[in-house]
Structures are given as structure tokens and as C-alpha cells.
Amino acid sequence: SAKKVIWYFALYAMFFVLSCYMVSRADDLVFQAGIEHFGGFSGWVKWFSNNWGGRIVPQGLLVILLQFPPVVFYLFNAFAWVLLVIYIKKVFDADGVFRAGFIYGLIPALIFILIPTSVLTGTVFWKCANVLYLWGSAALLAAVYPLVKFIYGQKITVPDYVISVIGAVYASSFEQAGVLMCGVLFLLLLYSVLVKRMVKWQIVVLFLLAAACTFYFCRLPGNAVRSHIEVLGQLPKYDMYSTLDKVLWGVWYVINYIEEEAMYIVLLLAGTVVFLMHQNRKRNDPVVIGADIMLVFFVLCTINRIGLTNLGREYFLSNLFKLVPVDTVNFGFSALLAICSVIHFLAYVYLGCCILIIHPEKLEIIGFSFFFGGLASMWMMGFSPTIYASKGRPRFLCYLFLLCVEIRIVSGAMCTEREKENVFTNAIFHSGQ
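Just add 98 to the spot in the sequence shown (first one is 1) and you have this note's numbering.
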């Protein structure tokens with residue numbers, strides 16, 4: 099419609115102005131000189147894939163764009179921003195309950211207000227990371243969109259499939275987005291088979307393509323070389339870690355950083371879930387009681403974090419929220435610490451499961467998939483020695499998709515209420531006849 103086009107242009111203009119504040123720095127300058135240093139683009143691709151990693155599609159595109167005046171990158175970046183906002187609306191408001199003007203304004207506001215500045219600075223405001231995290235997120239959502247339309251019984255067009263394939267190839271070349279994309283596609287595909295009892299062969303092919311591309315890019319020799327360099331330079335004891343250590347390290351990374359810098363996102367989600375649980379179920383329902391306990395836990399956890407941050411001191415309450423330390427030389431930790439760690443972990447698991455069953459008539463598979471997918475995108479950093487080099491960047495995908503899950507469950511709840519009103523109206527109409 100005309101209003102949507104106006105909003106697209108308004109968003110594009112806003113993001114173009116925002117992009118103009120991005121100045122090439124650090125690794126951007128290295129990528130800019132890539133063609134000159136390696137005797138052409140093909141030489142750069144060969145060196146990068148053999149010595150640095152599998153991100154040759156997004157960062158190869160960056161190498162090309164940086165050969166032009168900066169305004170060219172700004173034009174492409176603004177377009178990527180608009181695509182991200184559009185596909186967040188398409189995927190997480192598939193019911194179409196939000197007006198375009200509201201949701202297109204809400205999404206950027208949530209991103210810039212609720213995602214920590216330290217995370218945004220190293221991702222969407224740094225060119226070499228921007229083509230991974232921002233552009234990769236848009237590509238991931240574009241890849242998933244046909245399956246979302248299928249679940250909602252909407253017609254999938256040829257352009258949907260074409261854009262999805264392009265998005266799948268792009269996202270798969272960024273390992274964090276690629277693994278997340280494959281996980282979400284698998285869960286949605288499983289839901290289609292087990293619940294809807296049907297699936298299109300094109301969607302199966304799309305999933306297989308995404309999985310194959312992700313596997314290929316993750317297996318490029320540059321990934322192993324980069325990991326070895328990080329172990330030698332940053333984390334010599336990494337090779338001592340067992341698989342369990344890495345699992346715990348990933349869990350610690352997720353919980354510690356979410357609660358340190360973005361606990362309000364979890365509180366917002368938990369509060370919304372508890373509110374909707376009370377709307378849809380009886381108060382004495384064990385699921386509702388468990389949700390109430392979960393919310394109290396997260397509130398106490400937030401109070402503890404505020405105390406630690408502002409006062410720098412630990413209290414008795416702090417002992418309830420400590421996690422088992424990730425250190426192979428420390429095998430002795432108390433049973434209480436282990437129990438507290440398990441409870442802490444299960445609180446997040448319970449929140450995700452509540453999201454799945456939050457609507458009484460249907461499973462919230464999209465919110466469920468992206469909730470655990472977002473957490474997993476941080477958790478997988480426990481299996482990478484680049485965790486220190488990456489700093490806050492890997493947390494962008496998690497925070498972004500937790501915010502998207504909030505949009506999804508509110509949209510689903512509003513759609514359910516609208517359906518109830520329609521049923522009630524139809525019942526009155528037919529009874530009057």
C-alpha cells in the first residue's frame with residue numbers, strides 16, 4: 099500500500115543518515131586493502147578461506163563495497179536495515195495485527211533502546227561486523243520466511259523462495275547466523291511434519307541447502323587456523339577444557355552477560371508470559387504457579403545484579419545466583435552451588451517452554467524456536483576460543499531475537515483475542531437469525 103511505501107522511504111532515509119556516521123576503522127581498513135594486498139578478489143578469497151574463516155560471502159561483499167566511495171556502503175547498509183525491519187514484521191507479526199506505522203517505528207526503538215550500546219557499537223556501527231550481524235540477521239529471517247508462511251497457511255510465492263535461497267547462502271557464511279538459521283528451520287520443519295502433518299518439498303530442499311552451505315563454510319580450513327591462533331594468543335588453556343567445560347562455559351556466558359547488561363529484556367519477556375498465562379489459564383494451574391515462581395526468581399536476580407553493579411558488594415542473596423565456575427583446575431564446588439546453577443539454568447528453560455504453550459489453542463513454535471535459538475547463538479561461543487576476541491558482538495543476535503520473541507507473543511495474543519471477538523460476534527449474529 100501507499101502508506102507502507104512511505105514508511106519504507108522514511109526508514110531508508112533515517113538509516114541512511116545513521117549509516118553516514120560510520121567511519122572505516124581497524125579491520126575495515128584491512129578489508130579495504132584486501133584486493134590490493136592479494137592481487138585481486140580471487141586471491142583474497144583464497145587467502146581468507148584458508149587462513150581466517152568461512153565468512154567469505156558477507157566479508158567478500160564488504161571488500162568489494164569498500165573499493166567505492168563510502169556513500170555506496172551507506173546506501174547498501176540502509177537497504178539492509180530496511181530489510182531487517184520488514185522481515186521482523188513479516189516473521190514475528192505473521193498474523194498482521196500491528197499497524198505498519200506502529201511496528202516499523204517500534205522495532206528500531208527497541209533495538210536502540212534495549213540492546214546495550216557496547217553491543218551495538220561493535221556490531222551495527224562497525225562495517226566489518228555490520229555485514230555479519232545486521233545483514234546476516236536480515237538474511238536469516240528472509241531464509242526462514244517461506245516456512246513461516248507455510249505454517250500460517252499463506253501462499254508462498256516464487257520471489258519468496260528466491261529471496262530465501264539468497265538469504266540462506268548469505269547467512270550460512272556467518273557461522274553464528276548459519277547454525278541459528280538451520281536450528282530454526284529444523285524446528286519449524288519438525289512442527290510442520292508432526293503437527294500440521296504436511297510439508298512442501300521446496301521447504302525440505304531449502305533446509306537441506308541451508309544445512310549444506312552452513313556445513314561447507316564452517317569446514318573451510320581458515321576456521322581451524324583462526325581458532326588455533328586465538329588459542330595461542332589469547333587462551334592457551336582452552337585445549338585443556340573438556341566438552342563439559344565448554345558446555346558450562348557457554349551456559350555461563352549466556353546467563354552472566356544477559357543478567358549483567360540486558361536483564362530487562364528477560365524481565366519484559368517473563369512479565370508478558372506471566373500476564374498472558376493468567377489471562378488464559380486458571381490461577382491454581384501448576385503451569386501458572388511455576389511461571390509466577392519463575393518471575394519472582396528473575397526479579398530477585400535483577401535486584402541482586404543491581405546491588406552488585408552499584409555497590410560492588412555481595413550479599414546473602416548473591417549466593418543464590420552464583421554459577422559453577424568454568425575452570426578445569428577447580429573440581430571442588432559445593433552441592434549448594436551446583437543446585438543453584440541448575441535452578442538458574444532451568445528458569446530460562448521454563449521460560450522458553452512457557453512461550454511454547456502461551457496461547458491456549460496453538461503452540462507458539464516461532465517464539466519458542468527463536469527464544470532458544472537466540473540463547474544458543476550465545477551458548478555456542480563456549481566452543482570457540484574466539485570468545486575473547488569477539489567481546490560483545492556475539493550477543494547481538496541473542497538480544498535482537500529475544501526482543502523479536504516479545505513482539506511475536508504479543509502479536510499472537512492479540513490475534514487470539516481478535517479471533518475470540520469474531521467468534522462471539524458471529525454467534526450473536528447467527529442467534530439473532
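Incorrect hints may appear among the rest.
[Said to hold, decoys possible] For lysine-lysine, the following BS3-like pairs were computed, each having C-alpha atoms within a straight-line distance of at most 25 Å:
1. 101 with 188
2. 335 with 253
3. 188 with 298
4. 380 with 344
5. 144 with 188
6. 335 with 298
7. 253 with 101
8. 298 with 460
9. 460 with 380
10. 247 with 460
Since the hints were made in silico from the structure, they are not lab data.
Against the structure, the hints come out as follows:
no. : hint         : verdict
1   : 101 with 188 : holds, 16 Å
2   : 335 with 253 : violated, 52 Å
3   : 188 with 298 : holds, 20 Å
4   : 380 with 344 : violated, 41 Å
5   : 144 with 188 : violated, 37 Å
6   : 335 with 298 : violated, 47 Å
7   : 253 with 101 : holds, 23 Å
8   : 298 with 460 : holds, 21 Å
9   : 460 with 380 : holds, 17 Å
10  : 247 with 460 : holds, 16 Å
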